[in-house]
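For this one, chain Z is given, so just place chains B, X and G with the ligands on it according to the hints.
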Amino acid sequence: MSIKKITKQAFANFIDNLIKTATVYGVQPKGERFDFAPLASAKDLRLDYDVTLLPPKRFFQPTTETLLTFDGEGRYKSNFDNENFILLGVHPYDMVAINQMDKIFSKDYYDEHYMKRRNNATIIACDVLTPSENVFAASMGMATVSEGFDILLTDIGDGYVAEAGTEKGNALLAKAETTDANEKDLEKRQKLQQDNQKNLNKHKLKCKPSDIPNLLERAYKHPVWEEKAKTCFSCGSCNTVCPTCYCFNVQDSFNWDLKSGKRQRTWDGCLLDGFTKVAGEHEFRSNRADRFRHRFYRKGKYVPEKLNGQISCVGCGRCVGACLPDIANPVKVFNRLVDDLGLL
Amino acid sequence: MDKNIKIDVHYITRVEGHGNIKVSATDGKIQEISWIVPEAPRFFEAMVRGHSYEDIQTIVSRICGICSISHSFTAIKAVENALNIEVSKQTDMLRQLLHYSEQFQSHTLHIGYLAAPDFFGAPSVVPLVPKATDAVKTIIRAHRVANEWSDLLGGRTTHPITIIPGGFTTIPTEKQLRTLQDTIRNTQKDINTIAEVVLSVAKNIPNFERDTEYVSIKQTNPPEYTFYHGDIASTDDGKLVPVKNWHKVTNEYVVDQSTAKWTKWHRDSFMVGALARFNNNYDLLTDNAKKTAQQFGLKKGCCNPYMNTIAQVVECVHICEAAIGLIDKILTKGLVSEKVKVKVRSGKGAGVTEAPRGMLIHEYEFDKNGKCLAADMCIPTNCNHANIQKDMEKLVPEIIGEGQDAVRQKLEMLVRAYDPCISCSTHLLNVEFVR
Amino acid sequence: MGQSCCSSMKRDIYLPRPATVKKSRMMNGTELYIHIEMDEEPLDFLPGQFVEVSIAGFGEAPITISSSPTRKDGFELVVRKTGNVTNAIHKLKGGDKLGIRGPLGNGAYPVEQTKGKDLVFICGGIGLVPQRSFINYALDKRADYGKISILLGTKCRDQRFFHSEIANWKTRSDVTFMETIDQADNCWLDDVGVVTTLIPKIDYDFSKSIFLVCGPPVMYKFVLLSLKKENVPPENIYVNLERKMKCGVGKCGHCQINDKYVCIDGPVFRYSDLASVPEAI
Amino acid sequence: MSNKPRVAVFDFACCEGCQLQIVNLEEEILDLIGAVDVVEWREAMSEQSSNYDVAIIEGSITRPEDEERLWLIRSRAKVLIALGACATIGGINKLKNNFDLRDVKKWVYGKDAEKPHLNTELTRSVAQVVKVDYLIHGCPIDRKEFTYIMRCILTGKKPEIPEWPVCVECKLKDNRCLWETGQTCLGPIIRAGCGARCPSSGFRCFGCRGYVNNPNINAAKDVIERYGLDVEVLKRKMNLFGSGNTQVTANG
Ligand SMILES: Cc1cc2nc3c(=O)[nH]c(=O)nc-3n(C[C@H](O)[C@H](O)[C@H](O)COP(=O)(O)OP(=O)(O)OC[C@H]3O[C@@H](n4cnc5c(N)ncnc54)[C@H](O)[C@@H]3O)c2cc1C
Ligand code: SF4
Ligand code: SF4
Ligand code: SF4
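Residue numbers (the numbering used here), protein chains in the order written: chain Z, 1 to 344; chain B, 1 to 435; chain X, 1 to 281; chain G, 1 to 252.
Mixed in with the good hints, there may be bad ones.
As the list claims (entries may be wrong) - A partial selection of chain B residues facing chain G, derived with a Cβ cut-off under 8 Å: (1) I63; (2) C64; (3) G65; (4) Q219.
Source of the hints: derived by calculation from the structure; they are not laboratory data. Keep in mind the model is a prediction, meaning the values are calculated, not measured. Virtual Cβ for every residue (Gly too), placed ideally from N, Cα, C.
Here chain Z stands alone, though its shape is the one from the complex (with noise of 0.2 Å):
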């Protein structure tokens, strides 16, 4: 695959001109934050920003999104979108994420509903350059990513080296007005990979990742769960801000006709009351502490073993800012089993 080097401006006009062809969801300021949206010009794109408030994950798996339509006689329907976009400005740790929700919704069963935007989608990246106050990707090991993306982008002050991740990556890297990547254009971006994979760290793991399943292997009585989830509300924050958080409710509703209707599919949160609930009011993880519990274990433990033992926390550090109580760090919390609990 190839390694480019686009100048600024040329990578503005490169954007422009993809504007005019497709979608392109760029990072941009809401209020004082950023936020993915459709964007109208290559000015008023942030490759600067530090983290967007919701990940990119809705891009794919939307916060409602049609699963089904039935007809009067309650015919079904799938309902897919097929529109093609491109998603400009996903963070490294972000682009992990979604490597991590690609093998989710494939493996075993194929969720067709999240692969065809998936497919759909083309993903330019970016290396971070301003780190968010809370990220943490560097102890995860996630500061910097080498595949998922079509092309990732690395600011190296007078321009970008734009290397392409797959083909459609290099069809579209084409049409830009590039040079090659000569080795001092290289080893600057190396220079700010490797910064990152330091610096990208406001909350420093006392272990390795992939120590983590091994640490909660052996914390499940901990009385860390119950002593932090005194505080918690409940308030699914950090589950919906969690660029690897993806279960799902799924509800029926009727037209006005009251017979024909849709089936939606909405993001859920394990932490929410009535997650466990079932028909007569019984709820199996009824527990605050549990439910607290089970998110860290999914984080370290649960998903990571669908996944080769990757880590299912990529420390974007959205829900160390996102949580009240300021109980969800998932470094705080990990930090405390190995003090308690040691490395084994």
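Leaving out everything else, chains B, X and G with the ligands in the frame of chain Z:
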């Protein structure tokens, strides 16, 4: 014709809140004519005590769902007056734009859903749906535009959440304002259609006049047909009364037949509302609005209360034009994001605006922590209760020969023409039950 | 990344397939028996698997197949009325259409591994419903299995069902059928009779028999304790678990019990596999 | 006569803003009228009836005579819906319960305060007086939720009302948390379903939909302290709509 009449309308319908009409006459001799309000009292002035200046708007907005934006603005103006808070020109213009949306929303609601059935001789708008589908859809469309307009600026259609003492929590984008402007432009056609439909049945508007004092606010600097800024004015004299002296205008008093407090200024009663604004500020209407008035034969000085609904039609025409101009003015300056800063202090202050159904006044007093110590409000329907009673007293003898049903019908129409907002008025009003 | 992969040939895992109700009848005050046939390909299932039943507008509910795949005309469900979907299912009559997804559940009954072994089915109330699939399967392939016992505990008489089938089991010499009924006046739907009292009554080699347990959540604790007392190795016990479920295909997260998913790892679990799953029982 | 369900709308002490939301359905109101027969609705029509299947009740109960009227409605209706905060949790009217009622009356009515017709009693929600089948929360109600619940009722379905707090919807709306800007937002303890309307407009949630089933009030107090704010301020905000009662559920 039967000379015995017994009318006992228990809850007049298609008005906001609960009001009763009682008329009895034997052998053509009138024994009783009363306008009664049995609405449950709600005690807002007592309930706001102890709450922060920030929460006043949230509370008092709930006085009325239909004029929640006016209540919010009046409260916020009073709070700002008490705490000596200045707002920017941008905030001021955006507020006026939002305030217009409520006038428009409330007026279309009243004209289309509440009053129109009377003109068509229908009990409600529901049976009109199959008969006059297009007309109903036009009303719905205009009403939706008004609501989208409130939603954009106020955060919701009812009980706005963006307006806070000192400014806005959030403002629309320039693009959204442009779109709104286009939408309003398209709605102007619908307003004209509505005016034509109303005109086609205008002959059903009773011909009744009673020389009346009309009170509204008036803005002189610069002169403008106002809903938001200004001092209190009466058609009886040209003097302007600043809002801090509002008690001198309302002069609440108790009458024997009712414990409900009524208001009076230069005479026994006065009227507030669209017709009052029209009579006080006619010269400042846009040309198109004046033209609409002419079509209906509505002239400055009109003292037929039934024409209040027509004055609302005229105001709709005016509001759309004024809003389009205001958006241009806002956009030529460009929108900037402003930070609201409030320094809390003790103080007392009053605010006045025009609610869709007339002049609305709030007054609050705060301690040094911004905690509310006392509140006082004067609601437009409050001001109108006495005038409704006086109108009835003149009207009934004039039409008593038309028979019970016609009398009843015309009385209901009269009350509806005032577009009363009864639940608003009751937390201050002394309520009497005649059962 | 498999972005270039062409997925259009795959079936939408959330799309129900059309099916028709052949028959439905109430079995007692709360349970509806319903016989269903797929409109297109027939359902190819194993005992213990379940389907997601779709009633348009009301949603989906996971329901275990109660009939045995050895009986080839369609499949049978028994549904208790508890909420939106099950209420709507109760309104279905012969000829009505509905949607079916499945069969689902990789953890079906161990019909192959248990060949030649003695089987003990311990059922609490409605727990008989899923067990019935394996019971009838084993009875239809009677020669493949050793002794077969069925222990059933029901809270009160009105809640019994499958009367004629049970009567038949009772008369068969190659089946041991035992039943308790706890006839308390105040009859709660979710309670079981004291099925545990029946366990010591069977004269099998407990260390070699296979125990299949299904009933309401409260039952498991007691039954498993009894089996432990009898020194039954956990490898020989199978339990049927139930959790809230939305997708049935291991994605939505609702039925997860620690690291296990009821839908794709169960609903039938080998008890020994649940040693590290504290949330299970 | 058609066999469509007969629906009647009634109001008690309230601002009628929730009824207004029904009018505000705009075009969709034609769908509603198509699916049901509205037989009484004082704010919008003159027709009246004592024969109805579904009663929609707006407002809270503040006087003995209101209570009697409500009993009558309950006895006539098959299905009773509490519409909006006043009906579901008592709403803003409940603020007066925080004061001595004699003082409240005196404050507003002065020397006339003790006249019998000015009687007022502790404000109660509709559910505190009669059995309620469905609660439609909010001040005002959310139009989308209203039509969803109406369609559920018409199809015999139990609506799924969120058990989780406003923060969920607020995050889904991609908002920055208002606590970061110094606002005391009640989102974490208030029931969702409004689409986080207020926080999405930059205004703190003030609790019009009532508490979630299991609000962690103590955590709220801890957070207040962490942000260096005054617990009293929080309490007064929590009183605005909830007036201290933590739970209201429908029987339906
Ligand atoms: C593997 C499995 C097999 C089952 N087999 C049977 C059976 O053979 N017969 C029978 O009567 N019931 C069975 N159940 C229980 C049945 O699925 C629930 O009673 C049913 O989902 C309730 O749905 P509802 O819409 O009527 O209730 P509501 O309370 O309206 O539930 C709404 C939704 O929540 C979920 N849900 C609620 N309760 C349960 C529950 N107990 N289990 C799983 N999801 C639930 C469903 O997705 C349901 O659609 C089984 C459950 C599981 C997990
Ligand atoms: S657990 Fe928190 S830090 Fe980790 S990926 Fe999720 S939101 Fe980001
Ligand atoms: S964000 Fe914090 S308070 Fe909310 S559910 Fe997660 S851990 Fe609990
Ligand atoms: S602004 Fe309010 S509702 Fe939104 S996340 Fe913060 S606390 Fe929750």
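Violated hints - listed by number, lowest first: Hint 4 is the one this structure does not satisfy, whereas the remaining hints hold.
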